[in-house]
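K.L.:
Chains as they are written, first to last, in the numbering used here: chain X, 1 to 382; chain A, 1 to 286.
Simulated from the structure, these hints should not be mistaken for laboratory data. Just so you know, not all the hints are guaranteed correct.
[To be verified] Pairs of lysine to any residue, SDA-like flavour, derived with a Cα cap of 20 Å: (1) X:LYS35 with A:GLU282; (2) X:LYS40 with A:LEU211; (3) X:LYS40 with A:GLN285; (4) X:LYS356 with X:ASP11; (5) X:LYS17 with X:GLU96; (6) X:LYS40 with A:HIS113; (7) X:LYS40 with A:GLU282; (8) A:LYS188 with A:ASP164; (9) A:LYS94 with A:HIS113.
[Stated by the list, open to error] One side of the interface only, derived from the structure: several residues of chain X facing chain A at Cβ under 10 Å: (10) PHE41; (11) ASP47; (12) TRP60; (13) LEU86; (14) SER311; (15) ILE316; (16) LYS348; (17) GLY350; (18) TRP351.
By construction, the Cβ of each residue, glycine as well, lies at the ideal position given by its N, Cα and C atoms.
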Amino acid sequence: MTDPDPDKLPDPHTNTKQYRDDDRLHTDAAFLRRKFGMPKFDPELFDYSALAPALFDHTWDGGTERVSGGPGSFVVGEEGSGKSTLLLRIASVEMERNDARVVWSAVTGSRSEWLPYAPITRVCIPKGYEPTARLVPKKRSRGSRGVEVRLEDIVREVVYYKDVMDLNLRVLRDGQFNVVYPDPKMRGCQWVYEESDRVVADATNEVEFSAEDPVNHWWFGWGLSLVERGPFAWTSWIQDEVQSLAPEGAANDKYLTRLKIKMLGESMEDFRKNGIARYFAGHKDKHLHSLWRDRISFRIHMNGTANPRRSRSSSIPVGMETVPMEEDLMSDEDIGTALLYTESSFEKVGWPNIPKPIQGDLKVYLDPDGREGETSTGGVTA
Amino acid sequence: MHPASRSSSHAGASEGPPDAGGDESPVVEGLDLDALFAEIDAARPSLDKLHRDQQEAIDRFVQEGFATRREFLLWLQELVWNSMGRLHGNWFAKVARDEVVLSCVITSEKRRHYRQTPVSLDAAATVRRRMAKKFIRPACRAGYRTLRKDAQEYVQEDNRVDVDDVSMFAMRPSLQTLKDRQTVALRKLLDGFNSEDALDRWLHHLDDVTLGELDRIDADLDWRLEMERTARDVLLGDRADHARQREQLAAFYLLPAFSLTPEPMLVRSQEAREESDNQQLEATQI
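Okay, chain X solo, but in the shape it has when bound (with noise of 0.2 Å):
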């Protein structure tokens, strides 16, 4: 099996208005439209609208009838049933519609299933990191270990945060795809939560973020800067695979991660009200942590299993008290359809298909670059 040709991708797409500042040129996501061909989010075409549209048309003030700020929702499918294809299409309507910053929960070592909008992709690395990035065939086998390639040669930009402030105060950019990889040293996050006048704590142990902390614990500290300390704009936050980072039988470990995560749920409302739209995913309904889900009132059912519906009580999820189906819509449906819904009404939805630009994966990797000394956790330059 040969490895992937780097020069296959494409390269990166920088006339746009969001890179170059530029009125007169066309944005990141009418890039985006173009080369996969997906039409424009159109809100009428739908029948309820306080579903698909208010899902992805975002108001400061929607009254009694849509959602105030940044919407919540769960996207709940098997493997292959397209739900990295539906964040990737998600992620560009926010762009287009709401100029919002999209910030796509990126892991190392995993496959970068953005890989499709690299061209316009900002990868936002911590600083004191390097990454390196390895094309991987899609069949693997045993004589390969892929082929290294510069990611500054695939992406659009390779920035670098000093810690959760910087990235969300100067790093991100409105109305482009953000991928941000989390900080092991978690700078910043402990700062912020001692700055807040949250108390998240039980009877012996206080909310605390180190850098022994597993990595993906930085996005809790993240998700409090943002509703603390800003920026008040649209944001949206994809993160797939969201039972790795709230494990539905998460103990208070020595990590304190069930505190993390109550302090995260506790948060859910002022992410709304602070204009953050998150989308999560998982494979199954209780793959949303029941201190989130309460919070989240917009489910995607992929494609491929059978829905939630009334006549099996058993099937609703927990969290929510009805759901509006009477019968099982999608486990016949093909690949690229969903079933969006709340507890009051629902609509089948589809999407463009999104193809990777080549047969095979990317990963990042990072490692630190051994410039800079020990930095102190919990430090702010912000």
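With chain X fixed as given, assemble chain A onto it according to the hints.
P.N.:
Coordinates of chain A only, in the frame set by chain X:
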């Protein structure tokens, strides 16, 4: 509309009462009652489903007839269900072996097997229509009455059932299963058996597909077949006359036994509401 059809409708209009163009909007007649009724959602769809099945079966019998006796036997097995077992077993045994009847219900050249000079096909059609009026329609009505007390109502508007979506007999999975299995057992007998083992296996399955009611037809069927000198040849043989004999056996034993099964099976059977195919929502593109 293309010019030809316009001119023809003009001609029609000048001759007398317009026939509304014939090819584009057919005259509403009695047959359209089906369509008009179907537009109204069924509150008791299991009855509607049975009613529709009965209509189809009667149409087949009266208008087409059958190519072979085998086809006729399979249709009779359907009739067992469409009449909910309200036709006496003896009637099945009689019509499926009566050569005069057979020469009228079989409309292919094979009808000459049963009568050297059969009546004309038109006369045969009349015989079939009269048989329908005399036996089949009353039996269907009786079957309808049998199901009537068990038919469930679907009152809520979004819970109504379109009969087109119903695939199962009287909406009942248990009845459909038994009916299907009987068809298989009947086919197997008509095909004959390869070995004595296969025959014994089939006999055992017969208890299942007749719900044990075979007992009331002939409790000693196994032994009788064993003792009868020619029965073995008939069941295991592959000559044409063997096949005919097997058809006789089917008419004499199987259909009467089958006709005893719908009523006991109906007791406590459950209706199943099926997924609608045409309720598939169109996905709106994000």
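K.L.:
Are the hints correct? Go through all of them and say.
P.N.:
Consistency of the hints with the structure:
The straight-line distance between the Cα atoms of X:LYS35 and A:GLU282 is roughly 26 Å, outside the 20 Å bound, and the hint therefore fails. For a cut-off of 20 Å, the pair hint linking X:LYS40 to A:LEU211 is broken: about 62 Å separates their Cα positions. With a C-alpha separation of about 10 Å, the suggested pair X:LYS40 and A:GLN285 falls inside the 20 Å cut-off, and the hint holds. Straight-line distance between C-alpha atoms of X:LYS356 and X:ASP11 comes to about 14 Å, which keeps the hinted pair within the 20 Å bound.
Restraint check for X:LYS17 and X:GLU96: satisfied, since their Cα atoms lie roughly 12 Å apart, inside the 20 Å limit. About 72 Å separates the Cα atoms of X:LYS40 and A:HIS113, which puts this hinted pair outside 20 Å; it is violated. With a CA separation close to 18 Å, the supplied pair X:LYS40 and A:GLU282 stays within the 20 Å bound. Among the hinted pairs, A:LYS188 with A:ASP164 is inconsistent with the structure: their alpha-carbon atoms are about 31 Å apart, more than 20 Å.
A C-alpha spacing of about 17 Å is found between A:LYS94 and A:HIS113, which places the hinted pair at or below 20 Å, so the restraint holds. Contact between X:PHE41 and chain A, as hinted, is supported at the beta carbon level, the nearest pair being about 6 Å apart and thus within 10 Å. Taking 10 Å as the C-beta contact cut-off toward chain A, the hint placing X:ASP47 at the interface holds, the least distance being around 7 Å. Using the Cβ-Cβ criterion of 10 Å, the hint placing X:TRP60 at the interface with chain A is not satisfied: the shortest such distance is roughly 22 Å.
The interface hint given for X:LEU86 holds, since its Cβ lies 8 Å from the closest Cβ of chain A, which is under the 10 Å cut-off. A hinted interface residue such as X:SER311 counts as satisfied when its beta carbon comes closer than 10 Å to some beta carbon of chain A; here the least separation is about 9 Å, so the hint holds. For X:ILE316, the interface hint is violated, since its Cβ never comes within 10 Å of a Cβ in chain A; the closest pair sits about 18 Å apart. A least Cβ separation of about 4 Å between X:LYS348 and chain A falls short of the 10 Å threshold, and the interface hint therefore holds.
For X:GLY350, the shortest C-beta to C-beta distance to chain A is roughly 3 Å, which falls under 10 Å, so the interface hint holds. Given hint, X:TRP351 at the interface with chain A, holds; its Cβ is 5 Å from that chain's nearest Cβ, closer than 10 Å.
In this structure, the earlier hints numbered 1, 2, 6, 8, 12, 15 are contradicted, and the remaining ones agree with it.
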